[in-house]
Structures are given as structure tokens and as C-alpha cells.
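Following the hints, position chain V against chain Z.
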Amino acid sequence: MMTPKTQTIVASSVIALTAAVSLVLIPMKPDASAIVLGMMAVFIIVWNGAKHLTTRKCQDCDWVNSKIRHEIVFAIILASLLMLGSISATLAKELEIFDRDLVKRIVGVNIGLMLVVLGNYMPKKLTQHSGSCSSKATGTSSVQRFMGWTFVLGGLLYAAAWFALDLDQAGFAIMFAFPVAIAAVVIARVAYIRLSGAKKSAGQSV
Amino acid sequence: MNTVFKALSDPTRRKVLGLLRERPMTAGELAEHFEVSKPTMSAHFAVLREAGLVEPVKKGRVITYHLMMSVLEEAMFGFAQVFGLEMKATETPTNTDADEANPTETQS
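Those sequence lines, one after another, are chains Z and V. The opening position of the first sequence corresponds to residue 1 in this note's numbering, with each subsequent residue numbered one higher. The opening position of the second sequence corresponds to residue 1001 in this note's numbering, with each subsequent residue numbered one higher.
For reference, chain Z alone in the conformation it holds in the complex (with noise of 0.2 Å):
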């Protein structure tokens, strides 16, 4: 887990390095670079705005507050590392550097794999800090869990998707991205409960 003072710098980075490319995108696609470096504004003001919103005092408050802060400039960075890409690979393509269906490619690329960032931590970030300053973290359940690996196994399926398939076939498949990543999740799911019930009624039989 990053520290306060890494995670500034890097979403500082980010955000900058993001606004620079829109700035250079300028000439070339005014209407995309005015969306993204507004996003970017926003970003801004919601970061210096959790500053001032999480200040609630009360007992364990201090911790929530650096939680709350905590996750919100780790949004703040995968969002702005999406946008990086994707404005990254529009400059590249209008510089010829790269061609349409490249771009395309690396966007899609780009999106699964913040998916997988996603879920990876989704069970372990969803229900903390709900509700009061007193119940401050109310724990992962099984369904936090489920959600999860399926964002994390559907991320990586549509990643693999528009990176080794061909761009017809790769819009069709990652519609089934998601409830492929879904029915692996049960079967491994009810193939656990199955194994593990084995080995319980294994143990009590000896």
C-alpha cells in the first residue's frame, strides 16, 4: 500500500502529465482535450475537497478520515491513468505514430486492465467506513468477494480480448467477458464448498 506522500506525488504526476498531453492534443482534437483536461479540474477540486469534507471529529475518526482520503486519491490516479492512456494513444495516432485500430486496442487494453485493478481491491475497500465514525470497517463478505474476482477475471478477459484478437472479433467477444468471468466464479465457488464439505465429512468419519 502506497503512503499519503507517495500516493500525492504520484497522483500529482499523473494528473499532470495527463493535462500535459491534452495541452499538446490541443491543435489536433480540441473537443477531446477540453473533456479531459476538464476531467481533470474535477479531479482537483474533489481531491483538495476531501481534504476539508473528512475532518469529522470523534473517536477512530482520524482513521477513517485517512481511509476515506486514502481511497479517494487512489481513484483520483486509476482514473487518471485511464484517461493518460487513452489520450496518450490519441496523440500517438495523430502524429501517425500509431495507427486507428491500434488505438483502439490499446483503449481497450487499457480499460480491462483497470478493471482487474478494480476488482482486486474492490473486497477489500467496499463496506469500510459506512454509516457512523464508530463502525469503521464492517469487514469483506462473500459477495465483495464474488464481485471481485469476477472484475478481476472479466478485466483480464477483456483485455486479452482486444489484445489478441481481431478488432471484429474482439467488440464481439467481450460481451461475453463478463459472463464468462461470472460462471467461472460459481463453478470454482460451488467446486470449493464441494471440496471443502469432502474434507470436513473426511475428517469426521476418521
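No lab work stands behind these hints, which were simulated from the structure alone. Any given hint might turn out to be false.
[Stated by the list, open to error] Across the chosen pairs, the derived CB separations fall in these ranges: (1) Z:I182 / V:G1078: 56 to 62 Å; (2) Z:A20 / V:Q1081: 42 to 48 Å; (3) Z:I182 / V:P1039: 17 to 23 Å; (4) Z:L23 / V:E1029: 35 to 41 Å; (5) Z:I44 / V:E1032: 50 to 56 Å; (6) Z:G197 / V:T1012: 21 to 27 Å; (7) V:H1033 / Z:I9: 31 to 37 Å.
[Said to hold, decoys possible] Residues from chain Z that keep clear of chain V, each with C-beta distances beyond 10 Å, as calculated: (8) V46; (9) A160; (10) A164.
[Claimed, not checked] Computed list of lysine-lysine pairs in BS3-like fashion (alpha-carbon distance at most 30 Å, straight line): (11) V:K1058 / Z:K5; (12) V:K1006 / Z:K5; (13) V:K1038 / V:K1015; (14) V:K1015 / Z:K51; (15) V:K1038 / Z:K104; (16) V:K1059 / V:K1006.
It should be emphasised that the depicted structure is a prediction, and the values quoted were computed from it without experimental measurement. Positions of the beta carbon are idealized from the N, C-alpha and C atoms, including for glycine.
Chain V alone, transformed into the frame defined by chain Z:
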């Protein structure tokens, strides 16, 4: 990540994580499943807490432990369970300063 590997390398800690997968449990409920002393269990909990794999929630004098594993950590836990990842230099927790850090921990 090193702390996660350290936490997963011990069979007792892996068993604690396995129990917490079923439901959140108090320190006392978890300790009932092991034939080790309370200070040793507290040290195990401290290692898991340090690795961010469990989250203690204190209510009065009772601490309930919740599982907080990311998907990657859960996958590593699964591999450790299957392949029996063990520490080479065994660092069996004993009565450590973890107990001093949590004087209110009640094994109810």
C-alpha cells in the same frame, strides 16, 4: 507485500484466515480452534493485522476480526493452502509486544 508473504507462510495464520472466510469472529472464538497460548494467538493476529489481511473492530472489550483480503491476496492464500508455503526460518510468534499494543483484547 513482504508482510503478506510472512503472514501467509504460517499454517496457523492460514487457518485463521480460512475461519474468517466463513464469518467474522472474535479473538476468543478464533482461539478456541487452536491449542496455543493466548499471547501466541495475539501475536498471530498482530502479524495478520500488520499485513492488512484482517481488520479488528473493537466493541467494548471484545475485538471482532473481519477478513480484508484483496483478490490477489486471496489467490496467494489459495496457492499457499495448496502448495503448503512454509517459512524457512520459522518465526513462531511468542509472547511479544503485540499484547502490550492491544491490552484490551479480550478472548471472549
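Now for the hints, and whether the structure bears them out:
no., hint, result
1, Z:I182 / V:G1078: 56 to 62 Å, "violated (19 Å)"
2, Z:A20 / V:Q1081: 42 to 48 Å, "holds (47 Å)"
3, Z:I182 / V:P1039: 17 to 23 Å, "violated (44 Å)"
4, Z:L23 / V:E1029: 35 to 41 Å, "violated (58 Å)"
5, Z:I44 / V:E1032: 50 to 56 Å, "holds (51 Å)"
6, Z:G197 / V:T1012: 21 to 27 Å, "holds (23 Å)"
7, V:H1033 / Z:I9: 31 to 37 Å, "violated (43 Å)"
8, V46, "holds (24 Å)"
9, A160, "holds (17 Å)"
10, A164, "holds (22 Å)"
11, V:K1058 / Z:K5, "holds (28 Å)"
12, V:K1006 / Z:K5, "holds (25 Å)"
13, V:K1038 / V:K1015, "holds (16 Å)"
14, V:K1015 / Z:K51, "violated (39 Å)"
15, V:K1038 / Z:K104, "violated (57 Å)"
16, V:K1059 / V:K1006, "holds (28 Å)"
Hint compliance for this structure: hints 1, 3, 4, 7, 14, 15 are not met, and every other hint is.
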